[in-house]
Amino acid sequence: MTSPAPSLSGHLANVLLCTDPEKKRFVTREVPEVQVSFEGFVGDRHAGLMRLADVRTPWFPKGTVIRNTRQVSVVSREELAEVARTMGIPNVLASWLGANLELVGVPRLTHLPPGTRLFFPEEATLVMEGENQPCIHPGRAIEAHHPDMKGLASRFVKAAWQKRGLVGWVERPGLIRAGDEVRVMLPPPVTYSLPAAPVDAKREQVG
1 MTSPAPSLSG
11 HLANVLLCTD
21 PEKKRFVTRE
31 VPEVQVSFEG
41 FVGDRHAGLM
51 RLADVRTPWF
61 PKGTVIRNTR
71 QVSVVSREEL
81 AEVARTMGIP
91 NVLASWLGAN
101 LELVGVPRLT
111 HLPPGTRLFF
121 PEEATLVMEG
131 ENQPCIHPGR
141 AIEAHHPDMK
151 GLASRFVKAA
161 WQKRGLVGWV
171 ERPGLIRAGD
181 EVRVMLPPPV
191 TYSLPAAPVD
201 AKREQVG
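Note that this note's numbering has the sequence shown beginning at 1, numbered continuously upward.
Read the hints as simulated data drawn from the structure, not as lab findings. Predicted model only: the values in this text are computed from it and were never measured. Glycine residues also receive a C-beta, built at the ideal position from the N, C-alpha and C atoms. Careful: at least some of the hints might be erroneous.
DSBU-like cross-link-like pairs, simulated, lysine-lysine; straight-line CA separation at most 35 Å [to be verified]:
(1) K23 - K62
(2) K23 - K158
(3) K62 - K24
(4) K158 - K24
(5) K23 - K150
(6) K158 - K62
(7) K150 - K24
(8) K150 - K62
Label-pair distances were calculated between CB atoms; the ranges are [what the hints assert, rightly or not]:
(9) A196 - E78: 39 to 47 Å
(10) R140 - P188: 36 to 44 Å
(11) Q35 - S7: 24 to 32 Å
Taking the hints into account, I'd like the entire structure generated from these sequences.
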C-alpha cells in the first residue's frame, strides 16, 4: 500500500510580475494578485507554453523549441535573509531576483524535490521543476542598489547556492493572492539503483 505523500504549509508574502518588454530586464514588481493560466502568470514575461532551449538544457541545440517548465520562479524570504547575511548587506529583495512568489515558513524551500506541488486557495496549483541555480545577473541587480560595495555580483552566485529558490510550471489555473496560505505536497520518496551487472560466465569458470 502506497503511503500518503508528506505535506507542509507556508504563507505567501508577495506576488510579483515582470512586465518590462525589454528581454534583458527581469526585475519584478509587487502586485496584489495574479491570474494563473496554463501558460503561466498572466502578464509576466516568462509566461508561455513553450520556450527556447538555452544553456540550462545542453542536451538540446540552443534555440530548440521545448516545453516551458520555467513559467514561475519561487523564493523563500528566510533563505534570502541568509543570502543577505552572507553577502554582508541588509537585505536581498525577491524582486531583484526576478521572483514571482515569495514564500514564508517553508523550511529549506530550495531543497524541495522536483515534483513538489504548491496548492493555493483559489484552485491554482504549481509543480516545482527544480532548483533555480544562481547566476551573475541577479547579482548585478543587487550590486546596483549598493554601488559603494564592489564585487557583490560575483559574490551572489556563491552566497545564493542552494538558496536561490525553485522554478516550476502551472498544473491547474486559478487565482493567486498575496497573503494566501500555501499547501506544499512533496512527491512520494523514491529510491532507485541500477541492477547489479551480470557476472561473466567465463570468469566464473576460471575462478
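Right, here's what the structure says about each hint:
1. K23 - K62: holds (17 Å)
2. K23 - K158: holds (25 Å)
3. K62 - K24: OK: K62 and K24 at ~18 Å, within 35 Å.
4. K158 - K24: Holds: K158 and K24 sit about 22 Å apart, inside 35 Å.
5. K23 - K150: holds (26 Å)
6. K158 - K62: Since the Cα atoms of K158 and K62 sit roughly 26 Å apart, the hinted pair holds (cutoff 35 Å).
7. K150 - K24: Answer holds: K150 to K24 is near 22 Å, not above 35 Å.
8. K150 - K62: OK: K150 and K62 at ~33 Å, within 35 Å.
9. A196 - E78: 39 to 47 Å: The hinted range 39 to 47 Å holds for A196 and E78, with Cβ atoms some 43 Å apart.
10. R140 - P188: 36 to 44 Å: Holds - the Cβ-Cβ distance for R140 and P188, about 40 Å, lies within 36 to 44 Å.
11. Q35 - S7: 24 to 32 Å: Given a distance of about 25 Å, which is inside 24 to 32 Å, the answer is holds.
Of the numbered hints listed earlier, not one is contradicted by the structure.
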